[in-house]
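Participant: Taken in order, the sequence shown gives residues -22 to -1, 1 to 156; the numbers are from mature numbering (1 follows the signal peptide of the UniProt record, and there is no 0).
Treat the hints with care, since some could be wrong.
Claimed, not checked - No farther apart than 27 Å at their CA atoms in a straight line, the calculated lysine-lysine pairs in the DSS-like style are these:
(1) K11 / K64
(2) K155 / K102
(3) K102 / K156
Bear in mind the hints are in silico, worked out from the structure with no lab data behind them.
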Amino acid sequence: MKKIETLLFLTCSVIVLSLWLAACSDDDKNERKDLLQGSWNINQAVAIATPVENATMTKEQLETVFNNYTFFEQGSEITFVDDTVKLVATFGDVELPMKLPYTFEKDTLTITAAASPTVTFEIKGAVDFYTSHFELNLTDKSYMSILQFVVLLTQEPNLQNALSQTQQAHASYNLVKK
């Protein structure tokens, strides 16, 4: 009988501990997402590239081209409200205001953008929070797919050439709380 009571006590303790940890985990997720809420200014937007072997363009030359396609000007404002992000993407002289849905789980921000009724992008990036700012690093896959779509739309030869010589590239953004 004593063994059954001990086993029952241990089982109940494990269940209570599991529920408590799960509850804390959910609170942590919500607190992390709450950190995003509000307005942020782009402090810096930088493209980082790795050339393919035997590329005629250097890493620096590729990054110079891609830095024209970070899609945000320094000082641009991004606002997170509930599950929506409001931003103005820039492409050359064109400014495109957008209001897009987003999710934030396990320090990964995913913004869903429809380029057309048949083409949807999932813009994914890792978020690192600091005191009054955070860094967003788009994944290579997200950034490269956006650049490839831009090439399809614009047929921009300089971008097309740079992409053909790139093994991988991503964009990194530093945002400061407004």
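Participant: It remains to establish, for every hint, whether it holds in the given structure.
Facilitator: Hint check results:
1. This hinted pair checks out: K11 and K64 have alpha carbons roughly 16 Å apart, not beyond 27 Å.
2. Note on K155 and K102: the hinted pairing holds, with a Cα-Cα distance of about 20 Å set against a maximum of 27 Å.
3. Distance restraint check for K102 and K156: the Cα-Cα separation of roughly 23 Å lies within the 27 Å cut-off, and the hinted pair is therefore satisfied.
Of the numbered hints stated above, none is contradicted by the structure.
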